[in-house]
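A.B. asks: Letter by letter, the chains look like this.
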Amino acid sequence: NAGVTQTPKFQVLKTGQSMTLQCAQDMNHNSMYWYRQDPGMGLRLIYYSASEGTTDKGEVPNGYNVSRLNKREFSLRLESAAPSQTSVYFCASSDPGQGGSGANVLTFGAGSRLTVL
Amino acid sequence: LAKTTQPISMDSYEGQEVNITCSHNNIATNDYITWYQQFPSQGPRFIIQGYKTKVTNEVASLFIPADRKSSTLSLPRVSLSDTAVYYCLVGDVMNTGFQKLVFGTGTRLLVSP
Numbered sequence: 001n002a003g004v005t006q007t008p009k010f011q012v013l014k015t016g017q018s019m020t021l022q023c024a025q026d027m028n029h030n031s032m033y034w035y036r037q038d039p040g041m042g043l044r045l046i047y048y049s050a051s052e053g054t055t056d057k058g059e060v061p062n063g064y065n066v067s068r069l070n071k072r073e074f075s076l077r078l079e080s081a082a083p084s085q086t087s088v089y090f091c092a093s094s095d096p097g098q099g100g101s102g103a104n105v106l107t108f109g110a111g112s113r114l115t116v117l
Numbered sequence: 118l119a120k121t122t123q124p125i126s127m128d129s130y131e132g133q134e135v136n137i138t139c140s141h142n143n144i145a146t147n148d149y150i151t152w153y154q155q156f157p158s159q160g161p162r163f164i165i166q167g168y169k170t171k172v173t174n175e176v177a178s179l180f181i182p183a184d185r186k187s188s189t190l191s192l193p194r195v196s197l198s199d200t201a202v203y204y205c206l207v208g209d210v211m212n213t214g215f216q217k218l219v220f221g222t223g224t225r226l227l228v229s230p
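Respectively, the protein sequence lines represent chains C and W.
Numbered by this note's numbering, the letters in the first sequence go through residues 1 to 117 in order.
Numbered by this note's numbering, the letters in the second sequence go through residues 118 to 230 in order.
Honestly, the hints are just simulated from the structure, not real lab data.
All C-beta atoms, glycine included, are put in the ideal place defined by N, C-alpha and C.
Fair warning: there could be bad hints in the mix.
To be verified - Calculated Cβ distances over 12 Å to all of chain C for the following chain W residues:
| # | residue |
| --- | --- |
| 1 | Tyr130 |
| 2 | Gly132 |
| 3 | Gln133 |
| 4 | Ile137 |
| 5 | Asn142 |
| 6 | Ala183 |
| 7 | Asp184 |
| 8 | Ser187 |
| 9 | Pro193 |
| 10 | Arg194 |
| 11 | Ser198 |
| 12 | Asp199 |
| 13 | Val228 |
To be verified - Derived pair list, reagent style DSS-like, types lysine-lysine, alpha-carbon separation capped at 30 Å:
| # | chain 1 | residue 1 | chain 2 | residue 2 |
| --- | --- | --- | --- | --- |
| 14 | W | Lys120 | C | Lys57 |
| 15 | C | Lys71 | C | Lys9 |
| 16 | C | Lys57 | C | Lys9 |
| 17 | C | Lys57 | C | Lys71 |
| 18 | W | Lys186 | C | Lys57 |
| 19 | W | Lys120 | W | Lys169 |
The following block holds chain C by itself, in its conformation from the complex (with noise of 0.2 Å):
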């Protein structure tokens, strides 16, 4: 039982280079989030997407685009990698608690961290 499997787990990149996180869940979540953390800080949200066929922004956008391929993936991409990006990347998913009522429970990957030179 994988979760959410995200990949690569590390990367490093040259400033305007591009490049795609991948995200993929196996627990037919129907909503994905991508967040950002950057060293000694919490965790910012960069797009989330609420079902399959749907993406929106979140706190911190500028410099990604998101696709929702399935149901399953949920990618991010950087099109031209700028050092201010430098950080380590969270996918998560979700589904309603317990019951089906209550907040979303988030899992989580295990991260993908990300250095921009």
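Place chain W on chain C using the hints.
C.D. replies: Frame of chain C, contents of chain W only:
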């Protein structure tokens, strides 16, 4: 979205009970309160969730007063392995079942021998 405020850091010793309080003064009627734990180099993981009064599971207890403007995560008899960052989130589930979840800066708990 309701904004949360937590202490930046806390220190404790093994075997003690730790209480971390989160303030959420503008919590909405439909909002639930959820706590996550994050170890270094890992993604956060769910600890506990509640709406009102008290919730307990095998890991922690969550105390929510009647006005719901704050909540307290209680960790009984902490060990060194409880050293982590703890996040408090509030939010409701929309009609679609989706919840936009925004993290605060969290509370960094250090447990010493």
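A.B. asks: Determine for every hint whether it applies to the structure shown.
C.D. replies: The hints, checked one at a time:
{"no.": "1", "hint": "Tyr130", "in the structure": "holds (24 Å)"}
{"no.": "2", "hint": "Gly132", "in the structure": "holds (28 Å)"}
{"no.": "3", "hint": "Gln133", "in the structure": "holds (25 Å)"}
{"no.": "4", "hint": "Ile137", "in the structure": "holds (15 Å)"}
{"no.": "5", "hint": "Asn142", "in the structure": "holds (18 Å)"}
{"no.": "6", "hint": "Ala183", "in the structure": "holds (19 Å)"}
{"no.": "7", "hint": "Asp184", "in the structure": "holds (19 Å)"}
{"no.": "8", "hint": "Ser187", "in the structure": "holds (17 Å)"}
{"no.": "9", "hint": "Pro193", "in the structure": "holds (21 Å)"}
{"no.": "10", "hint": "Arg194", "in the structure": "holds (25 Å)"}
{"no.": "11", "hint": "Ser198", "in the structure": "holds (18 Å)"}
{"no.": "12", "hint": "Asp199", "in the structure": "holds (19 Å)"}
{"no.": "13", "hint": "Val228", "in the structure": "holds (19 Å)"}
{"no.": "14", "hint": "W:Lys120 / C:Lys57", "in the structure": "holds (18 Å)"}
{"no.": "15", "hint": "C:Lys71 / C:Lys9", "in the structure": "holds (22 Å)"}
{"no.": "16", "hint": "C:Lys57 / C:Lys9", "in the structure": "holds (24 Å)"}
{"no.": "17", "hint": "C:Lys57 / C:Lys71", "in the structure": "holds (18 Å)"}
{"no.": "18", "hint": "W:Lys186 / C:Lys57", "in the structure": "holds (28 Å)"}
{"no.": "19", "hint": "W:Lys120 / W:Lys169", "in the structure": "holds (18 Å)"}
Comparing the model with each numbered hint stated earlier shows that all of them hold.
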